[in-house]
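Those sequence lines, one after another, are chains A and B. Each residue of the first sequence is one higher than the last, beginning at 1 in our numbering. Each residue of the second sequence is one higher than the last, beginning at 1 in our numbering.
Please keep in mind that the hints were generated in silico from the structure rather than gathered at the bench. One or more of the hints may lead you astray.
[What the hints assert, rightly or not] Partial chain B-side listing against chain A, Cβ under 8 angstroms, derived: (1) G17; (2) E20; (3) P23.
Note that beta-carbon positions come from the ideal geometry of N, C-alpha and C, so glycine has one too.
There are 2 protein chains.
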Amino acid sequence: MTSVVLDAARELLRTEGFVELLPVILAPVTDPLRHTADRAVIEAYGQRWHLTRSMIFHKQAAVTVLEKIFSFSPNVRLEPAEWGQSGRHLFEFVQLDLEVREADRNDVLALGERLLVHIVERVRGFCAQELTLLGRKLGELHAPFPRIPYREAEARYSAGFEDHVSRRAQGPVWIVDFPVGVREFYDREDPSRPGVLLDMDLVYPAGYGEALSGGEREHEPHRILDRIERQGLDPTAYGSLLAAARAGLPSSAGFGIGIERLVRYLGGLPHVREVRLFPRVPGEPAAL
Amino acid sequence: MTSVVLDAARELLRTEGFVELLPVILAPVTDPLRHTADRAVIEAYGQRWHLTRSMIFHKQAAVTVLEKIFSFSPNVRLEPAEWGQSGRHLFEFVQLDLEVREADRNDVLALGERLLVHIVERVRGFCAQELTLLGRKLGELHAPFPRIPYREAEARYSAGFEDHVSRRAQGPVWIVDFPVGVREFYDREDPSRPGVLLDMDLVYPAGYGEALSGGEREHEPHRILDRIERQGLDPTAYGSLLAAARAGLPSSAGFGIGIERLVRYLGGLPHVREVRLFPRVPGEPAAL
């Protein structure tokens, strides 16, 4: 099923004019991911290289030369060992990471819907036997998916509300307008609504949880610097990003969607580990 | 051009019944690569994880459950800084790594020819404008490619002969039958010709150098152990491979072909760095 998902995703993206980039797995700077300490680092040639946590900054730089890009990007995130039981966490996973120059949130939101609708159609068509074996009834998806602003979802469900939304939903649901502070500095703040971000998450139904994360990006150097400082991060750690922004980053929007979580949802599997032959589960040793 | 190459490779492999696996980038054990010390290692969850140097052992294990597999596998090999000027080395690159259960060398050699012929055809068709811009005349390829046994090439060209073969060749050339000792322990020794391996390299013409490496595999536990010991390696470092072999690994053959080197050859580029937006060249610092 995984290879059908990969092919279906590429098929749609190629039709829409996207160019596939080879992934970056070592970089001087990577996604800060809300302050979690990064222990996945190696030293080589007199420099520290982070294992990629997402290709966010490389995507922003890539759309200066190519309008629409995607990559199947292996990410390493050394999550707490307890998260190994969540069913949703691998410390090595693959993210379909894409970005579109001069797009806004509505553009990539609609792209996300087309992408999921297409993948579900292909999986229903090509993996009918596998779905039957798994006892999985996978219905067609219909766009547009409902959108709930973060503040509304929070008021309705209180803390951990993505899980509540996911458990009650009949189909995928967008959560939009995250507040500054709960998200990374690169999500763009709405100029007309200070404190509110032009970003989104997609949540799978039936408790499968978060599907994708994305939005518009901060791309102007003074805005990036402001956001880095308001997050309490060290701007010198993001010097090369700021230099790229001063040299000129275009406005852009995009998202990243985890492949193993997508296949878990499509197949109705209890744990993402079942998607991989050699799963990397937080806290679990591996032989091979 | 890179995305055309990726699509063309997948197109042929899917037609021939191959299943795409997600890549493994962290593993307790990875390709020894002729004794070079591995400094690309991280610690997590009480275990050491090597950044993948090739998916060789994972491919051998994967064909126990799937007959034909491939993966676009990011590899990290911290080569000496001087190699940065070779034109052929990146310390992070992507390898199309494939394996076929119960195949022999002739099977994968012919597959390699079909794959290259198909990719060249697609690039000539879809990248005609780009080839013209690059001033690159890329002719059709015709299989079979010539095969030269290692001992014969060595006698004719002496040391560093792959470069000589590559510079003089009019088209891709196979070098076959490497001797034990110049290759890794997992290349299968010919039972009827002790000391000779059932393996091969493909060399590009016009000095573009090595294209792919592959062959049949040692899969029986006593043979693997014998080869590890003859290479002077520590068998305890390969305990999980030996355990997998004792549990039963099928015979198989396969190869890995570097994508950046392939695109460099197709485009006639002076250095593999030009294939990547964020090249990782040995000895060179990077900003992003």
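key: Given hint E20/B near chain A, where the shortest CB pair must fall under 8 angstroms   = OK, holds: E20/B within 8 angstroms of chain A, min 4 angstroms.
Supplied contact hint for G17/B, tested at 8 angstroms Cβ to chain A = violated (11 angstroms)
Can you verify the interface hint for P23/B: is its Cβ closer than 8 angstroms to any Cβ in chain A? Because about 6 angstroms separates P23/B from the closest Cβ in chain A, which is inside the 8 angstroms limit, the hint holds.
Of the hints listed earlier, the one the structure fails to meet is number 1.
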